[in-house]
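A.B. asks: Take a look at the letters that make up each chain.
Number of protein chains: 2
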Amino acid sequence: MHTQDFDRSKHVYKNDAFIELVKDAVHFFNGTPVHTLPPPEIFFGVGVYAIYYTGQNPTYKKYSELNRLSYDFPIYVGKAVPSGWRQSRISHSEDNSSTELFSRLRRHSNNIVAVENINLEDFKCRFVIFESDGSDMISTIEALLIKLNRPLWNSALDGFGNHDPGKGRYEQANSDWDVIHKGRAFAEKLKCIPKPKDIILNNIKKHLDTLKKT
Amino acid sequence: MHTQDFDRSKHVYKNDAFIELVKDAVHFFNGTPVHTLPPPEIFFGVGVYAIYYTGQNPTYKKYSELNRLSYDFPIYVGKAVPSGWRQSRISHSEDNSSTELFSRLRRHSNNIVAVENINLEDFKCRFVIFESDGSDMISTIEALLIKLNRPLWNSALDGFGNHDPGKGRYEQANSDWDVIHKGRAFAEKLKCIPKPKDIILNNIKKHLDTLKKT
Numbered sequence: 056m057h058t059q060d061f062d063r064s065k066h067v068y069k070n071d072a073f074i075e076l077v078k079d080a081v082h083f084f085n086g087t088p089v090h091t092l093p094p095p096e097i098f099f100g101v102g103v104y105a106i107y108y109t110g111q112n113p114t115y116k117k118y119s120e121l122n123r124l125s126y127d128f129p130i131y132v133g134k135a136v137p138s139g140w141r142q143s144r145i146s147h148s149e150d151n152s153s154t155e156l157f158s159r160l161r162r163h164s165n166n167i168v169a170v171e172n173i174n175l176e177d178f179k180c181r182f183v184i185f186e187s188d189g190s191d192m193i194s195t196i197e198a199l200l201i202k203l204n205r206p207l208w209n210s211a212l213d214g215f216g217n218h219d220p221g222k223g224r225y226e227q228a229n230s231d232w233d234v235i236h237k238g239r240a241f242a243e244k245l246k247c248i249p250k251p252k253d254i255i256l257n258n259i260k261k262h263l264d265t266l267k268k269t
Numbered sequence: 056m057h058t059q060d061f062d063r064s065k066h067v068y069k070n071d072a073f074i075e076l077v078k079d080a081v082h083f084f085n086g087t088p089v090h091t092l093p094p095p096e097i098f099f100g101v102g103v104y105a106i107y108y109t110g111q112n113p114t115y116k117k118y119s120e121l122n123r124l125s126y127d128f129p130i131y132v133g134k135a136v137p138s139g140w141r142q143s144r145i146s147h148s149e150d151n152s153s154t155e156l157f158s159r160l161r162r163h164s165n166n167i168v169a170v171e172n173i174n175l176e177d178f179k180c181r182f183v184i185f186e187s188d189g190s191d192m193i194s195t196i197e198a199l200l201i202k203l204n205r206p207l208w209n210s211a212l213d214g215f216g217n218h219d220p221g222k223g224r225y226e227q228a229n230s231d232w233d234v235i236h237k238g239r240a241f242a243e244k245l246k247c248i249p250k251p252k253d254i255i256l257n258n259i260k261k262h263l264d265t266l267k268k269t
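Protein sequence lines, in the order shown, are assigned to chains A and B.
Each residue of the first sequence is one higher than the one before, starting from 56 at the first, in our numbering.
Each residue of the second sequence is one higher than the one before, starting from 56 at the first, in our numbering.
One or more hints might be untrue.
Identical copies go unnamed one by one, so any copy, or any two together, can satisfy a pair.
[Unchecked claim] Below 27 Å or equal to it, Euclidean Cα-Cα: the simulated DSSO-like pairs (lysine-lysine) are:
#1 Lys261 <-> Lys116
#2 Lys202 <-> Lys117
#3 Lys260 <-> Lys250
#4 Lys69 <-> Lys202
#5 Lys202 <-> Lys261
#6 Lys69 <-> Lys179
#7 Lys246 <-> Lys222
#8 Lys65 <-> Lys179
#9 Lys78 <-> Lys116
Source of the hints: derived by calculation from the structure; they are not laboratory data.
Since the model is a prediction, treat every value here as computed from it, not as a measurement.
Based on the sequences and whatever the hints tell you, model everything.
C.D. replies: This is the structure:
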């Protein structure tokens, strides 16, 4: 077998229908019911979710204004993919008996409860479940929701989704999120010097100034 | 605003056309030219790639047989997404002037050259570039290629894609890949006890026994 001459154009994939399909999924997402965080019932499935803030914390006041009439501006977007998905170890039947999406939302709730100056009752969530082959869409839809909404906790304020790095890995700094929201047990074990709070608050302000109702 | 009663079915997204579209992209992928690793020319773009092995290392001999007539069985599948993609900080114009996909393939080449018992000339690669909004497909196509092909280095032999964890984070074990392929500088700094080689070799054998031409 010989390899061919190099021609970049032979490697470029184009398909406009894909863009339309993805927009359809985003449209569906934006029409799903809004629930408390975590949702009131445990449920099966994997998928994509958005978290909305409507409380009175001065740092995030802008989100209360943006979401006054409808939940249009998430503060965080995330996904729950089947465990073992990266290694393709899982069958679809397992996805459907996983409560990974609900568990993710509950873990976020616990993180919010653990910290200062935000209250769980000021958060709401929205989510879409993708079943069987549809679960291949999850990363795409999450990426697009982040790109469209630029949620603060996915962009200018990193760290909400972080895990405990574990024993022997505490020689790092607190995330920006943990500087603003003190209280997570693992964050208190981290030994290095984080970004100064005033710089982080300034980044938040700059980011929120870019978000506007259209 | 009040939240609604919980009804799981309102959150399930279904779209069969999506599945067809993704299959079209995979079909395109499988028809792209095969090149040396790294490809002979530097090029712009982000996307998805597969790496094929056709050498004589006894551990991987099965891949030589599977790929004898055509490159159907990758040993590794990966993606190069725009830098800052997770944080949605990037504009599409930046994707198109990034050489991230080529750089990724070159980095893999360097890793192969650094280690024992595999030779760079026994590897080939295939890749597809996704431009502008199409880059939203990258994660989906990568996931599907992994699911369809179950490449050994994505599943039973973890670690090929690992980076140097950096100062203060060496208190971990070598990946399975680094046990089988000694030589990466960062791997030699890791302090914990890795999985025994005979167990890893047995996992490889079991995995390769599941791969069959259809």
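A.B. asks: Now look at each hint and say whether the structure bears it out.
C.D. replies: Taking the hints in turn, this is what the structure says about them:
1. Lys261 <-> Lys116: Within. Shortest intra-copy distance 14 Å satisfies the 27 Å Cα cut-off; inter-copy 56 Å does not.
2. Lys202 <-> Lys117: within (19 Å within a copy, 42 Å between copies)
3. Lys260 <-> Lys250: within (16 Å within a copy, 48 Å between copies)
4. Lys69 <-> Lys202: both (20 Å within a copy, 22 Å between copies)
5. Lys202 <-> Lys261: within (17 Å within a copy, 41 Å between copies)
6. Lys69 <-> Lys179: So Lys69 and Lys179 pass the 27 Å test across copies only (24 Å; inside, 37 Å).
7. Lys246 <-> Lys222: both (12 Å within a copy, 14 Å between copies)
8. Lys65 <-> Lys179: between (46 Å within a copy, 17 Å between copies)
9. Lys78 <-> Lys116: So Lys78 and Lys116 fail the 27 Å test inside a copy (29 Å) and across (45 Å) alike.
Comparing the model with each earlier hint shows a violation of hint 9 alone; every other hint is respected.
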